[in-house]
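Visitor: Sequence:
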Amino acid sequence: MLPVWIVVLLCAPASPRAAHAQSAPPRTDTLRGLVVLVRFADDSTAGDPAVLFRGWPRFPDPSTLPAFARSLLAPASEPPFPDSSLTAYFFHQSHGRLLLYGDVIDSVLVTRHPEAHYHRPQGGFGTLTQEILDRLDAGGVDFRRYDANRDGYLDHLFVILRHAAHFAAGRYRWSGVSCLDARCGPGPAGGGPSRLPAYDDVQVDWNTSGSILLHRTPGNILPHYYLVRLMAHEFGHDLWAPYFNHIAPIRDNDVPARCNRSARGTDCLGYVLMAGAGGAWDTRGAETISAFERDLLGWIACPRLTSGDHLVGDLYTTGACFRHDLRGSLSGRTLYVENRQRIGPFDRRRRAGRHAQYEAGLLRTTGLLVSLRDGYRLDVLPADGDLDLTIHDSTYAGDLYGPGASTQLTPWTRPNSNGFMHYPPGYRPDWFALDAIRHAGTTDGALTFTFIDDFRVAPVIREDSWIGAETGGRPFTGPVRVTNGSTLTLEAPQTFSRMMHLDAGTTVVVAPEGSLQVARGGALVLRRGARLIVQGRLYLEGLLALTPGAVLVVEGEGRIGASRTP
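Residues in the sequence shown are numbered from 120 upward in steps of one, following this note's numbering.
Watch out, some of these pointers could steer you wrong.
Pairwise CB distance ranges (calculated) [what the hints assert, rightly or not]: (1) Ser-426 <-> Arg-263: 55 to 65 Å; (2) Ser-182 <-> Gln-241: 39 to 49 Å; (3) Ser-450 <-> Ala-681: 35 to 45 Å; (4) Ser-682 <-> Arg-370: 39 to 49 Å; (5) Ser-196 <-> Ala-165: 37 to 47 Å; (6) Glu-676 <-> Pro-361: 56 to 66 Å; (7) Ala-588 <-> Ser-426: 53 to 63 Å; (8) Asp-161 <-> Gly-289: 15 to 25 Å.
Quick caveat, the hints were computed from the structure, so don't treat them as lab data. A quick note: this is a predicted structure, and the numbers were derived from the prediction, not measured. Yeah, the Cβ is synthetic: ideal placement off N, Cα and C, and Gly gets one too.
Work out the full structure, taking the sequences as your base and the hints as a guide.
Guide: As structure tokens, this is what we get:
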């Protein structure tokens, strides 16, 4: 189920290397769905003009279908499919392995009783489902058409309720449930007969034969896209049932540092389809199925990263992704790298217009999305450390990596490439980095980045970074460059055996608990406009070169000496 408060839309590069082996055969199926739009007999709500009645006003003729209804599923099984349909959504992202097409009943079904009749103790939404099926059966629907995979069960019935007064009154807090009797969701709607009769010798399973969705919820501003995404989510409970109900976040780290949906940033997750109650607070961010989710179903192959340049196309349109299996203290965890662009219909975002502020659930910015997997748990590693997808129409470029935002993810950025803001005491990192994230120069939004297996060898610091005790005192034996206006903070003793070069506009801070030792034969070079702030210790066995206009400042208890040893 998907609680309402988490579904608000306000909704030369190297060629890819060999793909890793899938843990299970790809999930494949052909299914024919049936969509029925339902209005309770006592639903007299006119709609909300502020959001254009959410696409389903109360017409003089209550049986009139809303305009979006016939676009939810493709009616035929042969591609091409309407790009914004649920059919295309799954067909495209599964690379043709999952075909879900079907029909929409051509009029709104008005229930025989008021809404309260379908609540406990009188019944439950299972009673509503049976009434719907009985009336469809009496109307001539051949249910054998909706068992396309011939397993003897109804493939999927989508029941879309126009409005539910008990939901509006807060008596239950879900906007969709993945079962036809609502028992999988809390509240008075759960219940009904223990089993349903067969229709045309086709059985109906309460849990896998359908879902119930609410149309009139606060998140439904763009009904077509909202409902397709919600349908995909509820249907997804069946697809990902072997792995999770909702994806759980990784809570034993400090990423994200903050989140606008929870007091604990580590409780939040975005850029996935299957976040929700009992798992992570859903910050949304996009409507595309993540590489992690697609990988579990065998719908995507993410090659392992090797040293060098890599080109990655848009995830929705190309299915491109990469992975790196961590080797340090996080051995057994996997990093996913994917490219999110506004190419798929569900990730476009209008930047202006009357209701633009409500579209924050869609893709806010573009670039590389980096996520960390631990078993079936997942974290997004946002470039600025925060998942903060507010409902306001404002510029936000904090989650994704790329030009104009953050161009590298290293062992010393925050978050770092191991999935922390701050390393736990005694932690042994994996020293890889994603560096020089840049546009590929194509029109399809492709990005290029450089994978560095050991960033300690000759690091180029392009983003604000913090080096601490995790290095274990190992000297930097190669050249180090600080560039791109970044600040490097040394929080523990560090030794540099070669050249440390500070470009114009950069800063190195030696924190009170840190030290910077320039070893014999090494050099510390500050260009014009560079700054070195010494709050701890600076030991100069090698050369210090200050270009005119460079600044060296000693603050507080800071000291400069010739050697760390007496």
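Visitor: Hints first: check each against the structure and report whether it holds.
Guide: Hint-by-hint comparison with the structure:
Roughly 56 Å separates the CB atoms of Ser-426 and Arg-263, a value that falls within the hinted 55 to 65 Å. Taking 39 to 49 Å as the suggested C-beta distance range, the pair Ser-182 and Gln-241 does not conform, at roughly 25 Å. Taking 35 to 45 Å as the suggested C-beta distance range, the pair Ser-450 and Ala-681 conforms, at roughly 42 Å. Range check, Ser-682 to Arg-370: about 45 Å between beta-carbon atoms, so the 39 to 49 Å window is met.
The supplied range of 37 to 47 Å is met by Ser-196 and Ala-165, whose beta-carbon atoms lie about 38 Å from each other. The hinted range of 56 to 66 Å is satisfied by Glu-676 and Pro-361, whose Cβ atoms lie roughly 58 Å apart. With their beta carbons about 27 Å apart, Ala-588 and Ser-426 fall outside the hinted range of 53 to 63 Å. Hint check: Asp-161 to Gly-289, Cβ distance near 18 Å, so the stated range 15 to 25 Å holds.
Hint compliance for this structure: hints 2, 7 are broken, all remaining hints hold.
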